[in-house]
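Peer 1: Now for the letters of each chain:
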Amino acid sequence: MNRIENAFKNGKVLIPFLTGGDPNVDVTYELIKVMAENGADMIELGIPFSDPVAEGPAVQEADLRALAAKTTTDSIFDMVERLRKEIDIPIVLLTYMNPIYVYGIKRFMEKCAQVGVDGVMVPDVPYEEKSELEIDCKENGVCLISMTSLTTKDRIGMISKEAEGYVYCISTIGALENVDKVKNDIADMAQLVNEATDVPVVVGFDGSNVSDAVAISEVPDGIVLENAIVNLVAQYGEDAISHVADFVKKLKTGMIR
Amino acid sequence: MLYKTRQVFAKRASEARSNCHIQQKCQIGQVFAKRAKHGDRKVRMGSMKGVIMETGRYGEYGGQYVPEILMNAIHELNQAYEHYKNDPEFNRELEDLLKNYAGRPSLLYYAEKMTKDLGGAKIYLKREDLNHTGSHKINNVLGQVLLAKKMGKTRVIAETGAGQHGVATATAAALMGMECEIFMGKEDTERQALNVYRMELLGSKVHPVTSGTQTLKDAVNEAFREWTSRCDDTFYVLGSVMGPHPFPMIVRDFQSVISKESRQQILEAEGKLPDAIVACVGGGSNAMGSFYEYIKDEGVQLIGCEAAGLGVDNPKNAATVANGSMGIFHGMKSLFCQNEYGQIAPVYSISAGLDYPGIGPEHAWLNEIGRASYVPVTDEEAVQAFEYLSRTEGIIPAIESAHAIAHVMKIAGKMDKDQIIIATVSGRGDKDVAAIARYRGVNLYE
Numbered sequence: 678m679n680r681i682e683n684a685f686k687n688g689k690v691l692i693p694f695l696t697g698g699d700p701n702v703d704v705t706y707e708l709i710k711v712m713a714e715n716g717a718d719m720i721e722l723g724i725p726f727s728d729p730v731a732e733g734p735a736v737q738e739a740d741l742r743a744l745a746a747k748t749t750t751d752s753i754f755d756m757v758e759r760l761r762k763e764i765d766i767p768i769v770l771l772t773y774m775n776p777i778y779v780y781g782i783k784r785f786m787e788k789c790a791q792v793g794v795d796g797v798m799v800p801d802v803p804y805e806e807k808s809e810l811e812i813d814c815k816e817n818g819v820c821l822i823s824m825t826s827l828t829t830k831d832r833i834g835m836i837s838k839e840a841e842g843y844v845y846c847i848s849t850i851g852a853l854e855n856v857d858k859v860k861n862d863i864a865d866m867a868q869l870v871n872e873a874t875d876v877p878v879v880v881g882f883d884g885s886n887v888s889d890a891v892a893i894s895e896v897p898d899g900i901v902l903e904n905a906i907v908n909l910v911a912q913y914g915e916d917a918i919s920h921v922a923d924f925v926k927k928l929k930t931g932m933i934r
Numbered sequence: 004m005l006y007k008t009r010q011v012f013a014k015r016a017s018e019a020r021s022n023c024h025i026q027q028k029c030q031i032g033q034v035f036a037k038r039a040k041h042g043d044r045k046v047r048m049g050s051m052k053g054v055i056m057e058t059g060r061y062g063e064y065g066g067q068y069v070p071e072i073l074m075n076a077i078h079e080l081n082q083a084y085e086h087y088k089n090d091p092e093f094n095r096e097l098e099d100l101l102k103n104y105a106g107r108p109s110l111l112y113y114a115e116k117m118t119k120d121l122g123g124a125k126i127y128l129k130r131e132d133l134n135h136t137g138s139h140k141i142n143n144v145l146g147q148v149l150l151a152k153k154m155g156k157t158r159v160i161a162e163t164g165a166g167q168h169g170v171a172t173a174t175a176a177a178l179m180g181m182e183c184e185i186f187m188g189k190e191d192t193e194r195q196a197l198n199v200y201r202m203e204l205l206g207s208k209v210h211p212v213t214s215g216t217q218t219l220k221d222a223v224n225e226a227f228r229e230w231t232s233r234c235d236d237t238f239y240v241l242g243s244v245m246g247p248h249p250f251p252m253i254v255r256d257f258q259s260v261i262s263k264e265s266r267q268q269i270l271e272a273e274g275k276l277p278d279a280i281v282a283c284v285g286g287g288s289n290a291m292g293s294f295y296e297y298i299k300d301e302g303v304q305l306i307g308c309e310a311a312g313l314g315v316d317n318p319k320n321a322a323t324v325a326n327g328s329m330g331i332f333h334g335m336k337s338l339f340c341q342n343e344y345g346q347i348a349p350v351y352s353i354s355a356g357l358d359y360p361g362i363g364p365e366h367a368w369l370n371e372i373g374r375a376s377y378v379p380v381t382d383e384e385a386v387q388a389f390e391y392l393s394r395t396e397g398i399i400p401a402i403e404s405a406h407a408i409a410h411v412m413k414i415a416g417k418m419d420k421d422q423i424i425i426a427t428v429s430g431r432g433d434k435d436v437a438a439i440a441r442y443r444g445v446n447l448y449e
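Protein chains in written order, with my numbering: chain P, 678 to 934; chain B, 4 to 449.
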């Protein structure tokens with residue numbers, strides 16, 4: 678059984694996102710280790726890109742800090758290879774099409790398989806363009822994670838039918854003014870996904886408040902922290918490790934309870 | 004190719020069709036069906052002459068690499084454009100705007116003094132600088148804002164580099180009663196301060212973009228982000244032949260009025276087609292518009308002039324064809340200035356309008372098949388041409404357009420006297436006077 682399927686076998690899944698190499702690769706290594714130890718069920722790891730247009734300013738700044746620290750696609754792969762000796766939770770890489778394309782799509786996916794990356798998510802490759810990645814992903818056993826959104830509800834079925842690993846619902850859920858409405862929206866999306874596929878549904882949460890995150894996580898199969906960890910790293914830099922560990926632990930405890 | 008892969012494509016063809024809004028026109032379905040039939044994942048439809056292909060591909064270049072959130076907005080735009088481009092009422096309104104508001108047709112002016120001075124080919128200037136708002140940008144903007152209005156949108160957004168596209172968009176928005184917000188790199192708001200004030204006068208809000216390199220590339224990033232967060236009532240007026248399909252096609256079609264006119268004008272004036280068309284290229288909208296009607300005329304050389312900044316061998320340049328490589332960015336597969344890991348390079352040019360690390364996909368294609376050629380022009384050469392055209396013909400060109408003039412100065416003397424060059428003066432240079440003065444060490448501030 679692959680690591681992603683396995684991760685969804687024991688209840689709600691907590692997936693922190695962080696930009697690899699921010700503030701440097703060694704700190705990222707430690708951060709992932711402590712997150713795994715404190716309840717993270719999966720990691721979404723960003724390969725920094727100069728122009729992350731699908732993400733907000735927090736991630737853009739994290740990417741630029743990582744690039745300034747001379748982080749490269751290869752240094753991220755090396756780090757994942759070392760991490761695989763320590764942790765067994767799935768690692769999904771999030772990056773843009775250009776770093777993959779320029780690295781060589783085939784070479785990139787082979788490298789993923791070699792170092793122990795379980796999936797890739799490419800926010801500027803929609804359904805219409807995914808065939809360019811699909812074959813090399815399949816041949817190397819790398820899940821190509823599909824994204825869906827509330828503004829394109831009518832496409833959720835089409836996308837979900839071909840989804841692997843999990844379906845990622847993009848949301849712009851930050852501060853919660855109306856928890857019930859947000860939960861209803863997520864339930865709508867999740868239902869559309871479930872009608873088309875058996876793979877689990879996760880939702881992106883871009884806030885940093887633990888109780889909001891816990892509330893949101895009641896609906897889907899899992900929740901992705903889009904900004905919370907990135908913000909802690911921005912605030913504390915190399916000293917972020919204990920803060921991140923505490924945050925993940927608190928959230929995971931809330932989600933179980 | 005593996006039988007299994009063909010099956011995958013066949014399956015996706017039928018699924019894409021069943022999910023498509025307009026089944027008989029389902030482009031995705033057609034592509035997958037064709038890929039399944041030919042067993043080739045790279046099958047693209049359409050002719051080989053730079054004519055738009057149904058999936059927005061020009062050879063390998065182009066495509067729709069945008070976040071899922073934007074896909075419906077992109078499809079909606081494509082369907083609306085495919086409808087209105089053949090709508091007589093839309094075309095009548097657009098023609099009326101181009102004629103009675105923008106002042107078209109623009110002149111094709113015989114630059115006699117320049118011709119004599121350079122001593123070779125006859126030089127004609129296509130005077131896009133004489134359009135309302137002072138550049139070719141108005142051609143595209145009137146088309147897109149009219150389309151936005153027909154689509155029921157109430158708000159337009161745009162990126163701008165030099166400010167010409169921003170001013171044109173703000174103008175069209177004022178005329179057609181749309182709310183308008185412009186994204187402009189902070190560095191560009193400083194070197195083109197007058198244009199910022201112009202846009203504000205026209206009732207638009209200008210957002211200085213402080214992320215990344217604070218130039219055109221980052222302004223495009225922010226405009227896309229804004230569109231992502233609000234696409235229901237908002238139309239993104241993209242300023243060049245770039246971005247995801249259908250933008251490169253829409254902008255090319257609206258700009259091709261330049262070559263439609265010039266082809267007719269030169270036939271009237273000279274009774275024959277020109278030997279060369281010369282235009283500057285950033286993203287490439289004025290060049291695409293200047294080239295388009297001549298693509299089929301194989302005897303007409305098409306030459307795009309890229310900004311080489313301090314020189315093609317100096318890191319401070321923006322010469323994409325000379326220094327770039329294939330990549331995927333801003334919604335399109337094309338050529339980009341980038342490093343070995345696909346990080347987009349910070350580029351530089353004295354001209355804010357050419358200061359962009361990519362080029363439109365159709366240009367990349369024309370370059371690949373050898374139908375057009377692209378040459379680098381440095382800051383210094385462009386400034387000399389800026390001064391030369393002002394002195395010789397009494398025409399102050401935009402510093403962007405001066406890149407094209409600089410190349411004409413290099414080639415005209417080597418050509419025969421019965422040969423003809425048409426160079427596009429894409430905009431007027433008033434906006435650049437203070438910056439050129441500073442370049443020459445004259446302490447002049449706006």
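FYI, nobody ran anything at the bench for these hints, they're computed from the structure.
Quick reminder that beta carbons are idealized off the backbone N, C-alpha and C, glycines included.
Please note: incorrect hints may appear among the correct ones.
Stated by the list, open to error - Ranges of calculated distance between the beta carbons of each label pair, as one might list FRET restraints:
#	chain 1	residue 1	chain 2	residue 2	range
1	P	ASP751	B	LYS275	40 to 48 Å
2	P	ASP831	B	LYS413	37 to 45 Å
3	P	LYS815	B	GLU79	48 to 56 Å
4	P	GLU872	B	GLY106	24 to 32 Å
5	P	ARG761	B	ASP235	53 to 61 Å
6	B	GLU383	P	ASP831	50 to 58 Å
7	B	LEU447	P	ASP923	41 to 49 Å
8	B	VAL445	P	GLU758	54 to 62 Å
9	B	LYS208	P	LYS747	54 to 62 Å
Peer 1: Indicate, hint by hint, whether the structure satisfies it.
Peer 2: Hints versus structure:
1. P/ASP751 - B/LYS275: 40 to 48 Å: violated, 57 Å
2. P/ASP831 - B/LYS413: 37 to 45 Å: violated, 54 Å
3. P/LYS815 - B/GLU79: 48 to 56 Å: 32 Å Cβ-Cβ, so the 48 to 56 Å window is violated.
4. P/GLU872 - B/GLY106: 24 to 32 Å: Violated: the Cβ-Cβ distance is about 56 Å, outside 24 to 32 Å.
5. P/ARG761 - B/ASP235: 53 to 61 Å: violated, 44 Å
6. B/GLU383 - P/ASP831: 50 to 58 Å: holds, 54 Å
7. B/LEU447 - P/ASP923: 41 to 49 Å: violated, 58 Å
8. B/VAL445 - P/GLU758: 54 to 62 Å: Holds, at about 58 Å.
9. B/LYS208 - P/LYS747: 54 to 62 Å: The hint (54 to 62 Å, Cβ to Cβ) is violated, given that B/LYS208 and P/LYS747 are roughly 38 Å apart.
In this structure, the earlier hints numbered 1, 2, 3, 4, 5, 7, 9 are contradicted, and the remaining ones agree with it.
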